[in-house]
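> Okay, here's what each chain looks like letter by letter:
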Amino acid sequence: MSPAGATPAPALALADAIRSGERRAVEVVEASLAAIAERDGELHCFNLVLADQARARAAEVDRMVAAGEDPGPLAGVPVALKDNLCTRGIDTTCSSRILAGWRPPYDATVVTRLARAGAVVVGKTNMDEFAMGSSTETSATGPTRNPHDTSRVPGGSSGGSAAAVAAGFAPLALGSDTGGSIRQPAALCGVVGMKPTYGTVSRYGLVAFASSLDQIGPFATTVADAAGTFDVIGGHDPADSTSLDRPTPRVLSVLDEGIAGLTVGVVRELLDGADADVVARIRAAAEVCAAAGARVEEVSVPEVALGLSAYYLIAPAEASSNLARYDGVRYGLRVEAPDAASMNVATRTAGFGAEVKRRIMLGTYALSAGYYDAYYGQALRVRTRIIEGFERAYRTCDVLLGPTSPTTAFPLGERLDDPLAMYLSDVCTIPSNLAGHPAISVPFGTGGDGLPVGAQLLAPALGESVLFRAAAVLEAGAPPAGDPGAVDPGAGGAVTGEGAR
Amino acid sequence: MTGGDLGGWEMVVGLEVHCELKTATKLFCGCPNVFGDEPNTNVCPVCLGLPGSLPVLNQQAVELAMAIGTALGCEIRPSTFHRKNYFYPDMPKDYQISQYDEPINVDGHLELPDGSVVGIVRAHLEEDTGKTTHAGGTGRIHGSDYSLVDYNRSGVPLVEIVSAPDIRSAAQARAYAAELRGVLVATGASDGRMEEGSMRVDANVSVRRGPDAPFGTRCEIKNLNSLRSLARAVEYEARRQIEVLESGGTVAQQTRHWDEDAGRTVTLRSKEEATDYRYFLEPDLVPVVPDAQWITAVADTLGMLPAARRARLVDLLRADGGAGGAGAAPTAAQQDQIATVVDLGLDDLVVGTVAAGVAAPLTLARAANEAATEPELARGLDPVAFAALLGMEESGSLSATQVKSVLAELMRSGGDPAAIAAAKGFEALAEDTLVATVAELVAAHPDEWQRFCDGDDKLAGFFTGQVMKATQGKANGKAVAAELRRLRG
Chain A
1 MSPAGATPAP ALALADAIRS GERRAVEVVE ASLAAIAERD GELHCFNLVL
51 ADQARARAAE VDRMVAAGED PGPLAGVPVA LKDNLCTRGI DTTCSSRILA
101 GWRPPYDATV VTRLARAGAV VVGKTNMDEF AMGSSTETSA TGPTRNPHDT
151 SRVPGGSSGG SAAAVAAGFA PLALGSDTGG SIRQPAALCG VVGMKPTYGT
201 VSRYGLVAFA SSLDQIGPFA TTVADAAGTF DVIGGHDPAD STSLDRPTPR
251 VLSVLDEGIA GLTVGVVREL LDGADADVVA RIRAAAEVCA AAGARVEEVS
301 VPEVALGLSA YYLIAPAEAS SNLARYDGVR YGLRVEAPDA ASMNVATRTA
351 GFGAEVKRRI MLGTYALSAG YYDAYYGQAL RVRTRIIEGF ERAYRTCDVL
401 LGPTSPTTAF PLGERLDDPL AMYLSDVCTI PSNLAGHPAI SVPFGTGGDG
451 LPVGAQLLAP ALGESVLFRA AAVLEAGAPP AGDPGAVDPG AGGAVTGEGA
501 R
Chain B
1 MTGGDLGGWE MVVGLEVHCE LKTATKLFCG CPNVFGDEPN TNVCPVCLGL
51 PGSLPVLNQQ AVELAMAIGT ALGCEIRPST FHRKNYFYPD MPKDYQISQY
101 DEPINVDGHL ELPDGSVVGI VRAHLEEDTG KTTHAGGTGR IHGSDYSLVD
151 YNRSGVPLVE IVSAPDIRSA AQARAYAAEL RGVLVATGAS DGRMEEGSMR
201 VDANVSVRRG PDAPFGTRCE IKNLNSLRSL ARAVEYEARR QIEVLESGGT
251 VAQQTRHWDE DAGRTVTLRS KEEATDYRYF LEPDLVPVVP DAQWITAVAD
301 TLGMLPAARR ARLVDLLRAD GGAGGAGAAP TAAQQDQIAT VVDLGLDDLV
351 VGTVAAGVAA PLTLARAANE AATEPELARG LDPVAFAALL GMEESGSLSA
401 TQVKSVLAEL MRSGGDPAAI AAAKGFEALA EDTLVATVAE LVAAHPDEWQ
451 RFCDGDDKLA GFFTGQVMKA TQGKANGKAV AAELRRLRG
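Here the protein sequences line up with chains A and B, keeping their order.
Number 43 in our numbering belongs to position 43 of the first sequence; there are no gaps in the numbering.
Number 20 in our numbering belongs to position 20 of the second sequence; there are no gaps in the numbering.
Worth flagging that the hints you see were computed from the coordinates, not collected in a lab.
Given the structure is predicted, the values throughout are model-derived calculations rather than measurements.
Glycine included, each C-beta is placed from N, C-alpha and C at the ideal position.
Some hints could be false.
Unchecked claim - Here's a subset of chain B near chain A, in silico, CB distances under 10 Å, partners left out:
#1 Trp9
#2 Phe28
#3 Gly52
#4 Ser53
#5 Pro55
#6 Tyr277
#7 Gln293
#8 Trp294
#9 Arg379
Bound conformation, chain B alone (with noise of 0.2 Å):
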């Protein structure tokens, strides 16, 4: 249902992301920032907002919101704290500290992996809440029972990053948020899990007439807790949106909470029941002033990020002559494997691969869809062992299926790849014994093998399948595909 023609309609859409940051501690005090701990366990005076306590900024969360900043091309400037005033459970001193008209990142932009941009307005800090439970009701704190609040979280460092209005479509909603959690990791800000909550995000929808039309009236949707959820809501937003205005109606400007089980967002609030937060400069802290050398000492820290790591892998399949021949572009199937290679941090393995002497479309493939399957293992698999697993493969005396298996045994307990082989009986099929195989599952299949000569070549597959069965995978796919050309002739 994402995508899809709007029939003349276009969406516009703003996002925003909640990134927790991944601090020893929290925001303003010496609490430990640590996620799942029993309720209530990491807190402190200053977290629970006791009377009289003060908060005092935290060197590694501006230095982490600098590293954001600094990789999505913001300039970082001399920065205040606001005071949000709202009542509510979790906030332990009903106002949350948070950067307001004095951001730290300003005007910055992300690449996304087609080529789009989309510009990045500003990346603030400011602390999370508690976290509230409701119970008994629908939930939702009308007609709970009670409420039960949990204040580990509260203080948590955040930064909001706040989106230009530059999206178009649910897919690039989407890219755009899978793009920034890749950047958000490898500035090693965030562990990006939405699951968590440590990325959060909300979505600014409107619609309008085609590209030259002014803006619509947006909404933002709350609730969105996954990547799936972000494109489902914002699709279903902007049709919601486009339905109303196309039976004569105005769309009012609302907070919206979209509605996972029922596909739907719903009313959570109107304009005009809008909260005025009364901003006013924090008086506890002081700005925050980055000269130019500490802005360069955090520059220093960054790793490569996405869009670079992806480049690497595609120069060096074009090194290697790709799919295509030297210089060729990756199919799309490769750049799929790139990108689940770089999103699991899988590049360095495969760089290492390559480098150790093996093919680089095979150390994709084998990186993005064999060692992928173990990410956490994966990352730490030594690449001259990897290769040489994969040089055996390359070579023929081990069959794909061998190659799985002795990779996920080398993952889990490392070792030699040519012991594990070894230990698991597997030697690469005698030519002879592949031989009179294929000829004797040839002779079975009749029908199968006229087709196949016929010119059917998916056949080949069948007949590869078979022969995998009668040796326990012990035969190399590529001589069997082989064996079958010859025969035919």
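This is chain A alone, in the form it adopts within the complex (with noise of 0.2 Å):
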């Protein structure tokens, strides 16, 4: 059961009874905006619903079918977009007001490939910020409610992506991963969530919070659903440099090969900020990897401790100059002032919230003369170490293993006022970025409030083969949805995601 009430048919599941005829990709888009329709002015999950848009895609995708055409792996599956991915003609925002009305004359690739496969964008999902928050409540079109228990939040930033995926609105949404941004709504509202090795997935038309960190990734119910849009969005385009020109691991068709004979590894410093009952879930799902015939063993990566500190610097100072661009001159926001100066001046204080003047002015300030060596420098040389720690660790580890979260959902205000309470929100998803390593976050159980809690697998670069089979085997040996404590170690093994192929 969703929270919103209806059990949404796994994307896979839906498009192959599209392609094959047996539902019309018309009626899958309209229960999807029925859906959105009736909760989403509770939620709001998204900063614009492309009712029209969504319909007119279906009834090709259905005209497709019937004129005997493929279209594609993920044909006629609704498919939710956080509002910082280009699409062309269609505003794109960030949530912030300095970009109120932009529209990208491109789209990004990663949507020029959902196309491709058939998906139906239904709308552009709210977001903090420029991704910059852990709680979507940066939003500049206010904040969206986790559908569990709406007086919290989704966790951020993709937080409208991961509410509309556990609401129901759509089985699969993208957001984009600089510091845990997929992982960790993933975890506050009980879904997948995946951020791909850097380099995998092309960044081209995603707009840039730090460029060396971001990666886009999918929201899913299923782990096999995120392994299927991965296996779409994910591979070389030559638009974007960062992305790696060699084969991208195929995740779907290995997804049932179980991680028997393999190594996790629990990774000690993940553990040591997490809430009692967010340890017991991961405890919980060591022991599902154990009996899936996986050696288990507790790692240290002390290392992984400095990821918090590193990571307020590296992408602070990123941002300030990735978001120098607005600055009236060309699009967005525009307010008057007497020269050119003034004018850059006062569109960015009107345009920009506090949360994003707070890291812009926090990059500037490592990047200046005289601070760079002691700031961004060493933010640098410590982001070196973080990969090393994990080079270390993989020498033994297949796999690692940690929450994705130390708390569940926590309430709506509780942190906006204490930035570095907020921060800590990532503590265990932001190592990844920093390596630039692949990880996901399965829904493991509840803690003791009843809310999601999420279960991290990290794997090495271009890893992901490794990861959605770890991923299978604690999605299939999760505790049913409701039932916080209940775990079945007998659950492991070779397991496919439900509905999957």
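Combine the two chains into a complex, taking the hints into account.
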């Protein structure tokens, strides 16, 4: 049961039904739009719902099926896009006043790839402004609420996408993950969320926050759906120079290979600051891995503890440069002033929210002459050490395990005025971004408050295959929804996601 | 005003030359790299810096940068790009992507025609900005009514070539820039057009008490749009600094603007106002690592450089006997001619024409003085036809004036020089007509004749001119001179 009250069919199962003519895309999309109409007023997952466009696109998918053509592996599947993914001719705001009304003249590469796979975009989802936040509360359009408990945050920054999938508005969504912005909201909303290896999914058309950390990834209700979506959006893109020009792992086909004989390392430092009930769930997840035939050991990667402070220098530094272009000259908001420099200041003062301003100032300071080496330079050295720490762990482990978030969803407003507390929400997810490694959050029971807990799996660069195999094992062994404590250690082994293929 | 004594002071100059690369497309996107199109027509999400767009490095630009580095004797190295952050309306991203601490070319040198050598510190790749036009007010950003920005130039590839502070005079600064321009054109990297801004020069100038004194505080001069401006500005600035120092003041480190009309430099900003560019490694690009094979492949595409081309012409003159007999060095006039011919790319024409049997000095003179008036057309001239034409001059069947006229026609329309000469009615003046004309004019100008007979050889020119006038240029100058000498006895 999803919090929306209806169990959404997994995306790949839907696509198969549509491709075989068993179901029609227009009906599927209509159901998605109806669910949005019914409850998004309360949740505010979307900045923009693209009803007309979605209906037209669904009709086209149905026409193709009728004509004997194959619309692709995501035929007719409703997809929600985070509002920092460029969509040709459609508002792309990053939930910021400064980009209000801006319509990109081009589609992001992932948007093109989704369309080619037959997916139907139903809307643009709410987010922390420019992806800076962990609760979706810094959005200029107001917060998104957690479908499991509307007094709580959905996490962030991709909170709109996570909540939209959790609420059953769409079986799939895309988000972006710079320090945990896919995995943390996935955990807090009880859905699957995955951050790929840096360079496996094109960033072309993703409005940059911190370029060396940003990756686009999927939200889904099942591990198989996330795998299938990764297969669609991944792969080399000549438009992104950091896109890896080498084969991207195909993950859907290896999902059921299990993890027998592999070594799963439980990272001690990721458990350190986590709530006791969260730690208990992760211990249970480790048992599921063991029951599936993996060797489970506790490992120490002390460097991950340095991640948070390095991240909050590197990401703001890059952001201070990436966000310079919002100057009122060419697009977006312009606040008139007597000369160009004052116009820049007036526009940025009015256009950016407090958190964005804080990070721009932090980043500008970190890069300044005389401070660069002590701050930004030092953060880069720490980043190298984190990579080395992971390398050491992966000499004995195939995948690592820990919590995605130290806590379950917290109440709206609780951390908004306490940036440090807010930043701590990302302590478990940030190391993967700094290392450029893939990681996935899989729902694994609930905390003492009945809210979802996410188990996070981490793998080395391009280790998506083993990552998804382990995720499928956790998914199959996870306690049933609404049963916070129950763990069935016998459920591990070779398992596929429900309804896959 | 260039050159000249600085009263015991020595100027120290280093130049930063920005060269727009002649690539088909921009540095980081596929937009055409064309000068002079309608504003904002050659733009796309990347060079407009639209949110979500990403740069992709142009391989041709890298290869042209490597060609420049090779031509300047630089070490070509693995290199990276940084972001140079500052706000300006013509910078779409409000940062410029530029190579910083790891440039592609380092440690080269450029030998000038006078034999002096100027060190090259680095020659790195970066993107150009857009172009701002300030309307109303002074034409500068402060006080203007509004500004218009053209982003066609945004993202055009540049190579910035930074010289060592090895230049010691305004004339040398000018010679360096001219020679560098020749090298840039020869590599195919640039068209070297300063007036279109495809080559822009900033000068760092300081002065000191003689060659052993420590360097003084430098000022950087911007807006040097021609070789003439460069020389004037450097000379002015050095003298300004000397005046400041001699009157007991100190030179403040500044960026100064050259005011061409006023003939002086004015303060643009002081060191304290300098922007903190907050350089950091551009995360959207990956390092460029040229391997030995690639470096060799680029070097193999390089044509001859100006110095080698000048040497080739000097060798040609020497082999031919030159002005002063076999093996003699070219005269100053011939050195100028060689420089002109190489600068305009007419050296292949000269070599081909000499190979076809014409004397090197005559070929060089005609190429530098006559063909050079239409360099575009001259570059297309067939050396065999040019040789045939100059052969008619050598044999005395055409006068120098007639050669000019036929050459103009030959360059425009091609064809056979003999046929063109015939069509123009250019026939060699019959010898008896020439003798008669000379005799007539000698008789008509007894005073001039007497002075000529008294040894004033300049009067030969006077009589030659008179004969040319009387024969509508059909007379051969050499034949006239010979007849005059015969009459004088």
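> Confirm or reject each hint.
A quick look at each hint next to the structure:
Proximity of Trp9 of chain B to chain A is violated relative to the hint, the smallest CB-CB distance being about 33 Å (cut-off 10 Å). Here the hint on Phe28 of chain B is kept, as its CB sits about 9 Å from the closest CB of chain A, short of 10 Å. Residue-level restraint check for Gly52 of chain B holds (minimum Cβ-Cβ distance to chain A is 4 Å; threshold 10 Å). The restraint placing Ser53 of chain B at the interface with chain A holds, with a minimum CB-CB distance near 7 Å, inside the 10 Å limit.
Annotation: Pro55 of chain B was flagged as interfacial toward chain A, and the flag holds, the nearest CB pair being 7 Å apart, inside 10 Å. Interface restraint check for Tyr277 of chain B: the shortest CB-CB distance to chain A comes to about 8 Å, inside 10 Å, so the restraint holds. Of the supplied interface hints, the one on Gln293 of chain B is violated, with its beta-carbon coming no nearer than about 19 Å to a beta-carbon of chain A, more than 10 Å. A hinted interface residue such as Trp294 of chain B counts as satisfied when its beta carbon comes closer than 10 Å to some beta carbon of chain A; here the least separation is about 17 Å, so the hint is violated.
Because the closest C-beta pair between Arg379 of chain B and chain A is about 38 Å apart, greater than 10 Å, the hint is violated.
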